[in-house]
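> Each chain, letter by letter, is given below.
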Amino acid sequence: MGKQVILAVAGAGKTYSLCHKLNPKERNLIIAYTNQNVFNIKKELVKACGEIPIHTKVMTFHSFIYQFFICPYEPTIKNFFKFKSFNREGISFKKPPEARVFKNGRCIPNKAYHRKDEFEHYTIKNRYYCSLMSELILSVKNKKLNLQKRCISNLIKFFDHVYVDEFQDFREYDYKFLMTVVKGVKNITLVGDYFQHSVSGQNNNGQPFKNKRNYITYEEYINLLEKANLDIDNKSLIGSRRCPKEICSFIAEKLKIKIDADNENNGCVIFVRAEDMTRIIEDDKIKKLVYMNADKYTFNVINWGYSKGDTYKHACVILTDTFDDIDKENFAITYTTTINKLYVALSRTKGNLYIIKKKDFDLVKGQYLQNS
Amino acid sequence: MKSVKLLKEVLSYFFKIEKWLSFNITIFSIRKAGESMSYIKQLSLRGFKKFETLDIVFDKDVNIIVGENESGKSTILEAINIVLNQQYKNLDKYIVKDLINSNQIVCFKNDPTVDKLPQVAIELRFEFATCREPYIYYGEHNLCGSGNDDYGILFECKFDGEAYEDLLRTEIESGEIPYEYYIMTWTTFQGTSYKVMKKPLSSILIDTSITDTSNSFNYFNRALFNAKYTDAERMSAKNKFRHDIEAAFKNIGLEQIDETRNFGTNSKKLIFESVISVFDEGIPLENKGSGMENLIKTQIALDKRKSNLDVVMIEEPENHLCHANLMKMLAEIEKKISTAQLIITTHSNMIASRLNLNNVIWICEESAMRLNSVDGKVAEFFVKADDNNFLQLLLSKKAILVEGATEYLLLPWIYLKVTGRNIEEDGISVISCNGISYKNYLEIALKTEKKVAVITDNDKKSKNIDEMNDFNQTHQKQQIFMDLAVENWTWEACLYNLNKPLFDEKIKVQNGAEYKFHDVDYGKVLGKMLNNKVETAYQILTKKYTIEVPEYVKDALKWVNK
Chain A
0 MGKQVILAVA GAGKTYSLCH KLNPKERNLI IAYTNQNVFN IKKELVKACG
50 EIPIHTKVMT FHSFIYQFFI CPYEPTIKNF FKFKSFNREG ISFKKPPEAR
100 VFKNGRCIPN KAYHRKDEFE HYTIKNRYYC SLMSELILSV KNKKLNLQKR
150 CISNLIKFFD HVYVDEFQDF REYDYKFLMT VVKGVKNITL VGDYFQHSVS
200 GQNNNGQPFK NKRNYITYEE YINLLEKANL DIDNKSLIGS RRCPKEICSF
250 IAEKLKIKID ADNENNGCVI FVRAEDMTRI IEDDKIKKLV YMNADKYTFN
300 VINWGYSKGD TYKHACVILT DTFDDIDKEN FAITYTTTIN KLYVALSRTK
350 GNLYIIKKKD FDLVKGQYLQ NS
Chain B
0 MKSVKLLKEV LSYFFKIEKW LSFNITIFSI RKAGESMSYI KQLSLRGFKK
50 FETLDIVFDK DVNIIVGENE SGKSTILEAI NIVLNQQYKN LDKYIVKDLI
100 NSNQIVCFKN DPTVDKLPQV AIELRFEFAT CREPYIYYGE HNLCGSGNDD
150 YGILFECKFD GEAYEDLLRT EIESGEIPYE YYIMTWTTFQ GTSYKVMKKP
200 LSSILIDTSI TDTSNSFNYF NRALFNAKYT DAERMSAKNK FRHDIEAAFK
250 NIGLEQIDET RNFGTNSKKL IFESVISVFD EGIPLENKGS GMENLIKTQI
300 ALDKRKSNLD VVMIEEPENH LCHANLMKML AEIEKKISTA QLIITTHSNM
350 IASRLNLNNV IWICEESAMR LNSVDGKVAE FFVKADDNNF LQLLLSKKAI
400 LVEGATEYLL LPWIYLKVTG RNIEEDGISV ISCNGISYKN YLEIALKTEK
450 KVAVITDNDK KSKNIDEMND FNQTHQKQQI FMDLAVENWT WEACLYNLNK
500 PLFDEKIKVQ NGAEYKFHDV DYGKVLGKML NNKVETAYQI LTKKYTIEVP
550 EYVKDALKWV NK
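From first to last, the protein sequence lines are chains A and B. Read left to right, the first sequence gives residues 0 to 371 (numbering that gives the first Met the number 0). Read left to right, the second sequence gives residues 0 to 561 (numbering that gives the first Met the number 0).
The hints are simulated quantities; they were obtained by calculation from the structure and are not laboratory data. Note that the Cβ used here is the ideal one computed from N, Cα and C, for glycine as well. Mixed in with the good hints, there may be bad ones.
To be verified - In silico EDC-like links for lysine to aspartate or glutamate, alpha-carbon gap of 20 Å or less:
| hint | chain 1 | residue 1 | chain 2 | residue 2 |
| --- | --- | --- | --- | --- |
| 1 | B | Lys-194 | B | Glu-126 |
| 2 | A | Lys-83 | B | Glu-161 |
| 3 | A | Lys-83 | B | Asp-458 |
| 4 | B | Lys-532 | B | Asp-458 |
| 5 | A | Lys-156 | B | Glu-132 |
| 6 | A | Lys-124 | B | Asp-518 |
| 7 | A | Lys-83 | B | Glu-550 |
| 8 | B | Lys-157 | A | Glu-88 |
| 9 | A | Lys-56 | B | Glu-132 |
| 10 | A | Lys-83 | B | Asp-159 |
| 11 | A | Lys-148 | B | Asp-149 |
| 12 | A | Lys-42 | A | Asp-309 |
| 13 | A | Lys-77 | B | Asp-149 |
| 14 | B | Lys-194 | A | Glu-88 |
| 15 | B | Lys-543 | B | Asp-518 |
| 16 | A | Lys-143 | B | Asp-54 |
| 17 | A | Lys-41 | B | Glu-132 |
| 18 | A | Lys-156 | B | Glu-155 |
| 19 | B | Lys-460 | B | Asp-518 |
| 20 | A | Lys-24 | B | Glu-132 |
| 21 | A | Lys-124 | B | Glu-161 |
| 22 | A | Lys-156 | B | Glu-126 |
| 23 | B | Lys-459 | B | Glu-333 |
| 24 | A | Lys-83 | B | Asp-114 |
| 25 | A | Lys-257 | A | Asp-294 |
| 26 | B | Lys-108 | B | Asp-149 |
Said to hold, decoys possible - A partial selection of chain B residues facing chain A, derived with a Cβ cut-off under 7 Å:
| hint | residue |
| --- | --- |
| 27 | Tyr-137 |
| 28 | Trp-185 |
| 29 | Gly-190 |
| 30 | Asn-496 |
| 31 | Pro-500 |
This is chain A alone, in the form it adopts within the complex:
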């Protein structure tokens, strides 16, 4: 109990352990970042408890903030912005307007933009911008209205324990907002994988992982969490329940990411020779993983980043230039977020891990382009 963050490795069974650890008799709130994660958690809960426990609620982060922080307190929010004529119709997934736009080669103020102290900054046609909801809540700073404090003290009334999955996906205002929740509640468990940050399609920028222009290191990250009074557990979920031993060792050695194998799966790392390439690429049982533009290819393929959370029988990772020397003894590179994506890609298999170098793939690539 209390506040803790569990740092896990890829395939350690974050969702599994979360669902098996929670007490189904308690009032639990599980927050995940995507709808897919919500679905995975619900599925796992049914496996673990036979049903979704009646007092356990699973929801996405955005519906959490909408249902618990925005809707109930709309009168206070409107009051704060002195805005009356708003009849809420829901959330808008549109991109909010930028402060400035390029027009005829010049950067000029955007007419559609509203300042942050205006309610219209956060809304469009009776809808809240999904991506600005955290910012909206954080911007209601008024001692008398005391919005955040009231929201959180009520959250404690409704739930005994809050769980947050894929914690590393929270960035900028979402992260700040989450940390105010962490500060306010009594029992919260955050589960995440530092090395999987900046992997998914959105939310790849800014705090906490980027400090101005530099990415923070694993150690700095841990420091940050400790400052927020979170107990750090980086031991219990470091065994991958997915990747075979040889693959874990490969990842640990090449990417310097601590990952152990906690399974009996068999599989090896296989650098694909030129003569085997066509067979591997055309074998639909082996999932191919490319850095980007997976939709351009005709074979069974996915982008590195999008494969997050998936498990494949066998995987074949097609490298980029940066990593073509990965098989060399002296392979070493400076840290970029691309490493996180490669880490995700390499850790999807529970069988063999095939690796195709970019220079080899470039030779055959042409045959597999869509519409050609």
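Since chain A is already given, all that's left is putting chain B on it; use the hints.
Just chain B now, kept in the frame of chain A:
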């Protein structure tokens, strides 16, 4: 004829005292502490029917709503029903007209603009012990708004014609209310729409005034069925029912109509809820008399462990019940007091006082008043004094409290003599305190700010006179009147001393009889009057003696009419 009526009153008076003496079971404070439950905490009405604004705070156990006819008691139960059960949801828009407060309509007609269009709001606030998703009901979307987060549901019925405003403006500004453009919305305080399928608490309304039994029964059966069983149990019962009926029909083996046609059961006609009935010892409740039916309904509804109901509302339980059954029902209510929240409307003195004055909510002149600050001893007095006149005091505009039967009988007559008017026409009730301290009634009068004159005796104690003077100086709406001379120590003594020649002539005394009163000799005539108070009063009334009225009584009547 008049004397027959009088005789009846005298007899009923004695009957009351006798019953009061024989009834002394203490049922005070039966609440079990610590049992948590979900209940309705508050009801607020804005522009609904009789009420422009009304806020009622409910007790978690028992609430007894009293008020005169047409004071809006049933409107309160109706309002709860509208919010919780979305009554009227699918009805024609014309119902809106009946929901709107008439003063609001007048206000609008005087100054017909779009902004002034009348609207209705009903708000229910809850306290939850267990609720599956309490947060659905939590927030600030209520009548108070920002900073007032709570659990509740808000019903609103208002003009929803923003888009039509221009089209309708002329019509509206000529004083027409466009009811067909009104909408009814049910919103939880979270700001999301309330779904009746996910009721925050289960309730039932037992309306004994409905004479259409089949309808009231269907409602009762359905409400009980829904509260008693879980969704899954109900679904499986209905499925099995349909399935088994179909199978049973097949088993009959009716001959085909022709090669391609046959009779079968139409599943649309197999409506489970319309065939079920509550059976009491093998007899369907519908087949019992309406009095028994209400008694049994109440019994079932109040047993929360069996019915799972959080809120039980009963409209005038005294209807159709004989005295004995009413007592039974009260005993039932008292037993179950801490299991479900109870909201009762009533006209009955007995119900109101026996279920404790502290639970009484008095609806008067469009406001609700709780008597929950009444002193414990006073409340207990009324619980025990089974046939007291507590409601009569509560429901009358002005009252005169008198000591006992003689004053009670003579005062209306004296009033007519002194003022030339009928006491009832002036809206003044005469309440006999049955010889028991008027102070209990006075406490109620103080709490409810009733104009009350007390006509009492000085009982030969100058202390009583001093107390009266103190009281009268510190109170405005209540005044005590008694004779200031100790020799006029009681009502009979006052009358006698003032009308000696008359009574000496008319009151026949027997030679040799002593006519001592409490072992004191007051002289034969007064002694007889004291020993036969009611008979004397009866004699004065029937023989229409011309008597002088004591000054303090005149003063009291004058003051009451001020």
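> Check the structure against each numbered hint from earlier and tell me which ones fail, lowest number first.
3, 6, 7, 15, 16, 18, 23, 25, 26, 28, 30 and 31
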